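**Student:** The lines below spell out each chain.
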Amino acid sequence: RKEVEQDPGPFNVPEGATVAFNCTYSNSASQSFFWYRQDCRKEPKLLMSVYSSGNEDGRFTAQLNRASQYISLLIRDSKLSDSATYLCVVNAGFQKLVFGTGTRLLVSP
Amino acid sequence: NAGVTQTPKFRILKIGQSMTLQCTQDMNHNYMYWYRQDPGMGLKLIYYSVGAGITDKGEVPNGYNVSRSTTEDFPLRLELAAPSQTSVYFCASSQLAGGTLAKNIQYFGAGTRLSVL
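Protein chains in written order, with the working numbering: chain Z, 1 to 109; chain W, 110 to 226.
There's no promise every hint is true.
[Said to hold, decoys possible] Listed next, with one range per pair, are the computed distances between beta-carbon atoms:
id	chain 1	residue 1	chain 2	residue 2	range
1	W	Ala191	Z	Lys79	37 to 43 Å
2	W	Asp135	Z	Lys42	18 to 24 Å
3	W	Ala111	Z	Glu3	30 to 36 Å
4	Z	Gly9	W	Ser176	35 to 41 Å
5	W	Asp135	Z	Glu15	24 to 30 Å
6	W	Gly149	Z	Arg76	26 to 32 Å
7	W	Met136	Z	Gly16	33 to 39 Å
8	Z	Ser53	W	Ile121	34 to 40 Å
9	Z	Ala20	W	Thr179	42 to 48 Å
Simulated from the structure, these hints should not be mistaken for laboratory data.
The structure presented is a predicted model; accordingly, all values stated were derived computationally and were not measured.
Here a beta-carbon is modelled for each residue, glycine too, at the ideal position from N, C-alpha and C.
Okay, chain Z solo, but in the shape it has when bound (with noise of 0.2 Å):
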């Protein structure tokens, strides 16, 4: 099983649509979770922190859940400018992170 595994998409919205990604993450003692994104060619850059109890930062949430392992980005009122890879990452401990694959978002005029 890997580390952290994403649907690597591509998910098609169009703009102003509510679209969310999971990730499944293999160790249980991970301590820190982080979405970023990555645009074409381009490198990733943090988009928001995970904390247990959830957490928002304008049109994007991200959720936690430890007992199932997984964790969630939910972006509302979706914007042309939102379409990117978004990378999934675990801290497995002292100060390494295991990056996911990414999940490709499209959103359409």
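Guided by the hints, dock chain W onto chain Z, whose structure is given.
**Tutor:** Okay, now just chain W, sitting in the frame of chain Z:
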């Protein structure tokens, strides 16, 4: 704000050639990392460093070497380039905040696209 700077941006190597990918950061971060990303794949950790003079292997270290003589610089060396090393290489840095791993936010350079032919 320079952040993490990688050079070169692109490079084509012949099999057996060697080269050094440069990475420098101006954020005074202790932790630095090298990743490779193959098409359709996640980032794989090659080497990392927790401070000047200290380096350790990641998931895919074979064929690479690193050094960390200063806080700012973390070069990655390919000694005998092979086609399997064709990839995009990202350097990143981070710093613990308040001693907690929850704040391990890594900042990435723009990447080096390497082709070995």
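**Student:** Now tell me if each hint is right for this structure.
**Tutor:** Hint check:
{"no.": "1", "hint": "W:Ala191 with Z:Lys79: 37 to 43 Å", "verdict": "42 Å, holds"}
{"no.": "2", "hint": "W:Asp135 with Z:Lys42: 18 to 24 Å", "verdict": "20 Å, holds"}
{"no.": "3", "hint": "W:Ala111 with Z:Glu3: 30 to 36 Å", "verdict": "32 Å, holds"}
{"no.": "4", "hint": "Z:Gly9 with W:Ser176: 35 to 41 Å", "verdict": "39 Å, holds"}
{"no.": "5", "hint": "W:Asp135 with Z:Glu15: 24 to 30 Å", "verdict": "38 Å, violated"}
{"no.": "6", "hint": "W:Gly149 with Z:Arg76: 26 to 32 Å", "verdict": "28 Å, holds"}
{"no.": "7", "hint": "W:Met136 with Z:Gly16: 33 to 39 Å", "verdict": "37 Å, holds"}
{"no.": "8", "hint": "Z:Ser53 with W:Ile121: 34 to 40 Å", "verdict": "49 Å, violated"}
{"no.": "9", "hint": "Z:Ala20 with W:Thr179: 42 to 48 Å", "verdict": "44 Å, holds"}
Taken one by one, the earlier hints fail for this structure at numbers 5, 8, listed in ascending order.
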